[in-house]
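Q: Which chain is which? The protein sequence lines are B and D, in order. Using the numbering used here, the letters of the first sequence correspond one by one to residues 1 to 308. Using the numbering used here, the letters of the second sequence correspond one by one to residues 1 to 434.
The hints are simulated quantities; they were obtained by calculation from the structure and are not laboratory data. It is possible that some hints are incorrect.
Said to hold, decoys possible - Derived DMTMM-like pairs (lysine to aspartate or glutamate); straight-line CA-CA distance at most 20 Å: (1) Lys349/D x Glu229/B; (2) Lys227/D x Glu233/B; (3) Lys349/D x Asp299/B; (4) Lys171/B x Glu303/B; (5) Lys240/B x Glu229/B; (6) Lys227/D x Glu229/B; (7) Lys349/D x Asp280/B; (8) Lys171/B x Asp299/B.
All of these numbers come straight from a predicted model, not from anything done at the bench.
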Amino acid sequence: MTKGVIQPLESYRLRQYAVPIHCYLCDAENTCDAELCSHCLAPMALAHQAAGQDVQPCMIATVGASSAGKTVYLGMLMDMLSCLPSRVRIVARGAFSITLQQNTAGALSRRLFPDKTASEPDRWHWVHCQLRRPDRSEPIELIMPDMAGEAILEEVDHPHTYRVIGAFLRKSAAVIALVDAISLQEGHRDHDYFTMKLLSYLAELDTDPKTGWCRRPVAVVFTKADQCESCLEDPVGFAKSHATGLWQQCQERFKRHRFFAAGVAGAIAYSQSVLDGNVDVPLRVEPRGIIRPFEWLLDEIAEDKKRK
Amino acid sequence: MVKSVFEGYPRRAAVRLVLLLGATGILLMVAGLLGAITPFWAAGAVLILFGVASWPRRTVAECLSIDETSPAREEPARRPVPAGGGSGAVDPSDTGGLVKQMLAQYRYVLLLRPQIAADLDESQFAEALEALQRQMALVPDGDVTLGPVDGVWDDVVPGGESPRAAGPRVVGVKRFFLDRWPVTNRQYFEFVAAGGYQNMSLWDESVLPAVLDFVDRTGVPGPRFWKQGCFLEGTDDHPVVGVCWHEAVAYARWVGKRLPSNAEWVKAGAWPVPMADGGRAERKYPWGDDMDRSRANLWGSGPERVVGVHEFADGVSVGNVYQLIGNVWEWTHSDFHGGDHPLGKLIFKTPMKSIRGGAFDTYFNNQTTCQFQSGDGTLARKRNIGFRLAIGVCDLVLDHAALGKAHRPAEQQSLPAAAGPSHPEDARGEEVRA
């Protein structure tokens, strides 16, 4: 026998459900309690925060091949900017935005590199932060995800495989493209080809039909340059001699591009792992060239805003 | 925004010009207003407006960025006259002249060697002793705890004892003198000017082929970041950097000292104090157990470049040794096998030597303690690695009156003109205990 129960009609919930929340990246409609966008898997927290603060966050994409150093670069950038009071300063929006820097700084302080980023978008770390600069009164809202290199490559090769990447790259105001300097120095061209593909993909997204130039500023950062002194001293010369294709493409298609070199480890050793073979181990942490590309992009974005 | 008309000019000059314009404008305005002369105050207003509009703005990157790659100035210093007069400047038979030259070249330790000290008169000996006391600090003998080393001793064990189980170990250190400051560009310049890179007896035979490659930015023998065999303008009191481990050892031989061992370096910084229960109280940092970034030139606490050795004096150790932590890493004599790395045994592309102390760009606090050890290849010539030197007390004569000529070996009674190389690191006073 079934018993009758009294179920209060929570009309406010019905009302909430009736109003769809648009994903900040792909504009797909989601219910109010969705954690991830049902269409692209971007965190809905970004949309809630953007709606709550009534601002349009600026997005900067950090892209590169697998093991190019995206997690270390982004994690260290966030940690450095949140520690240094006199320079560009960031404040995390939401606890989830701190996880990336926590994982990165925690591992590096123990002289280990952080774990590889998983390919599944629901396991990526997203950073949403407020950025303040001493010379600007208005803070900037910023979104920077740590996307897996394999996923980026897959999306570039087969568009719409990872909708979140396509949606994010389409909306991002600037791009930091990371390239493994050691790999280039050793003569491997994989990273060169991958970055060429990626830049080509980006160029297709927003090339000005009149001029043929891609509008977005792109900072090409040679990572792990601490192990490659010639790259640290002259990133442009290094690009010309070791990543010729990439250099040419930047000259031809990106009006606003600049080459940088960055490094985090002072010296490297290896540890043998049964599963992963030789694993790189940082012997000490001495960040170098991390902030400069980011500052340059901020300047370029500010210029864009002025033009608009 | 209006572009500054002074864009491209040196910023300081542009600021001065604009200020001059502004001041003239104000004077004209005041004069114009007082005398009710319209053209005057109008001209003044125009000048002020022009000045404001052409104020030389910096880009955000210029305003905010700290120079992450290069030293402050790139010009080589006006080549200083070597205090020692360079190589061969003094007649070898002129003992007084040689002593003066060696003192000027910071080679006072050689003068205090038993073989040489006996030939000095009292005033010369006193001068050398005073130089020693001014430049070096005495570190008393005693035990110091070094971190676990995963079954591999990272110090040379006298007598070739076999490695023991992992875990913290106690190393006995005999009393020694340690440089109060890292070796400076000015001090190293004496070595370069005296032909240190050409004196093959100062270098290990195995490294001789590489010595030709130890050149500065202009291809002249010297530290990597120098130009024309000379340090850069305004960096004479900066620690010498861009020198590899072999260059540090060659310099040490030339001045009659040696690189400190791991244990000696930690002893000078951690300053262990024996406790009643047989243990030791050791400091994490030379100034105590709490990190205080204002006392050391580290990432975020300094200008993010090498500074002079006399800055950050608050970070002095109990024994009056400066800048052990921060500014530049310091080469030690000891091999590096990975220290206490959580992953255990590490593999290196090239043999490494231990470095200690952290540098201006060291990021984490736990990598700047006296106990923290890192390493780098023996041929690495980096912008943040320098060195300081040590000498055992037992290697020196500190009391002229006690000198007995009978103790001198006959063949060493005369003062050597070039003060030939000594290899003091072969006789390091260390004893490893369980």
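Q: Against which earlier hints does the structure fall short, listed by number upward?
A: 3
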